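Listed in order, the protein sequences are those of chains H and E.
Position in the first sequence (first residue = 1) + 643 = the numbering used here.
Position in the second sequence (first residue = 1) + 643 = the numbering used here.
Don't read these hints as lab results, they were simulated from the structure.
It is possible that part of the hints are untrue.
It does not matter which identical chain is meant; a pair holds if it fits inside one copy or across any two.
[Said to hold, decoys possible] Below, in silico cross-link-like pairs of lysine-lysine (BS3-like), each with a Cα-Cα straight-line distance of 25 Å or less:
hint: 1; residue 1: Lys736; residue 2: Lys712
hint: 2; residue 1: Lys818; residue 2: Lys712
hint: 3; residue 1: Lys758; residue 2: Lys859
hint: 4; residue 1: Lys673; residue 2: Lys818
None of the values given here were measured: they were computed from a predicted structure.
There are 2 protein chains.
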Amino acid sequence: MSSDHETSNIVTAAALVIGDEILSGRTADKNIGYIANHCTSIGIQLKEVRIVPDEEDQIVAAINALRAKYAYVFTTGGIGPTHDDITADSIAKAFGVPIDVDQRALDLLMPYYKKRGGELTPARLRMARIPDGAELVENTISVAPGFMIENVVTMAGIPNIMQVMLDAVTPRLKKGRMMHATAIDLSHPEGKVAQMLGDHQSEYPDVSMGSYPAMKDNRPCTQLVLRSINAEKLAEATEGLRKKLSEDGLI
Amino acid sequence: MSSDHETSNIVTAAALVIGDEILSGRTADKNIGYIANHCTSIGIQLKEVRIVPDEEDQIVAAINALRAKYAYVFTTGGIGPTHDDITADSIAKAFGVPIDVDQRALDLLMPYYKKRGGELTPARLRMARIPDGAELVENTISVAPGFMIENVVTMAGIPNIMQVMLDAVTPRLKKGRMMHATAIDLSHPEGKVAQMLGDHQSEYPDVSMGSYPAMKDNRPCTQLVLRSINAEKLAEATEGLRKKLSEDGLI
């Protein structure tokens with residue numbers, strides 16, 4: 644049974660991936676799985692992901708739906724220098740705040756381009772547009788920053804840059820109780836264990852039990868995954884399930 | 644300029660990936676990219692993707708939001724025999740129709756398990772639960788069918804089974820005009836071409852131009868992608884852009 648205390652220690656998040664290229668299939672997303680694993684590892688539960696095109700109304704609607712529902716929203720993509728990079732402006736619109744070139748971002752970009760003999764063109768200046776009231780999120784790779792406004796963290800779409808931004812913002816996030824997990828691999832189709840797993844789930848309402856079928860060497864196999872914020876209950880439920888599986892000759 | 648005729652030939656879709664295991668990071672999604680490419684290849688524009696957990700209220704809300712907004716919704720995951728497979732029941736709930744074991748699905752499953760000396764256990768019978776009014780979608784790998792109710796196509800989560808189901812349902816889908824695409828690869832950061840690309844986009848409102856930065860051998864590079872349902876305009880816009888890039892010594 645979850646106590647109020649446990650419930651109040653659950654921190655949720657959503658991810659919003661922004662980009663036509665993911666939806667057309669031209670680019671394979673590499674950020675969702677990374678964000679999912681990162682959240683799990685720091686005690687944040689990723690509860691929803693959306694992918695939307697580079698269209699302002701779609702971005703604004705998704706941001707406003709997700710930020711109201713989850714403790715954090717992580718966005719990736721659309722903060723570069725080209726005309727199709729409309730994420731920062733869309734987020735300002737979602738929050739109803741002004742957006743303009745930000746002096747803090749400018750102070751990062753100017754020396755970077757100066758050093759490289761490049762110019763801070765009007766296009767590159769777009770990367771210094773930050774919604775009013777946002778904190779910057781450091782980019783140790785190519786300087787142009789991400790930002791965090793209220794509970795929305797906006798990051799680049801390029802995976803290695805997204806990853807350093809996620810690391811940079813992580814100390815600022817509140818973390819919930821860690822979700823612990825155990826796994827049991829079976830070389831049987833899941834139909835063989837479905838009844839037992841369902842019964843076992845009823846015995847342990849605190850432990851979430853999932854069954855994940857796959858094909859291995861052209862034969863059906865199954866991974867059972869047990870998850871809980873209560874490590875003791877999880878260990879007890881896992882041990883109990885192993886025993887039942889063993890008695891039925893399934894492991 | 645898009646004429647009404649062109650607009651009426653645009654067919655949109657959304658994908659809904661259902662499963663805790665994707666959101667926890669334990670399983671990497673392999674279906675989104677495949678569905679995106681498949682849609683593009685048959686003239687359907689994938690406009691949105693959502694990933695939700697195995698929770699009825701989340702699935703119902705996502706189904707009802709997406710089916711009202713797009714011509715088709717493709718779901719993956721949650722139609723197996725275990726207690727956490729709640730997709731079929733959630734879709735029945737979203738449509739407000741009854742759901743029960745379906746005779747057509749039973750006629751497929753019974754001989755399959757009989758032949759293999761397996762039993763059609765109560766758990767496996769769950770895979771024959773089909774919402775009232777749905778058509779079955781064939782599964783040539785492990786028989787348990789997907790289904791299509793109105794504009795929602797429900798498929799398995801295992802990638803190779805999802806793929807044969809998508810092939811099976813494709814002849815029943817209406818297709819829109821094909822989206823054509825061209826790409827130009829540059830060994831420069833996108834800031835160098837941002838202004839030119841923005842200007843060029845203004846000249847060709849019918850052609851959608853995107854800029855996709857990446858790192859290659861630790862150096863920034865850019866792929867410009869032009870897309871349009873108008874192949875002639877696309878060719879003209881691509882040729883014009885190549886010429887400008889060449890004049891500036893960028894290709």
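Any hints this thing doesn't respect? Which numbers, in order?
none
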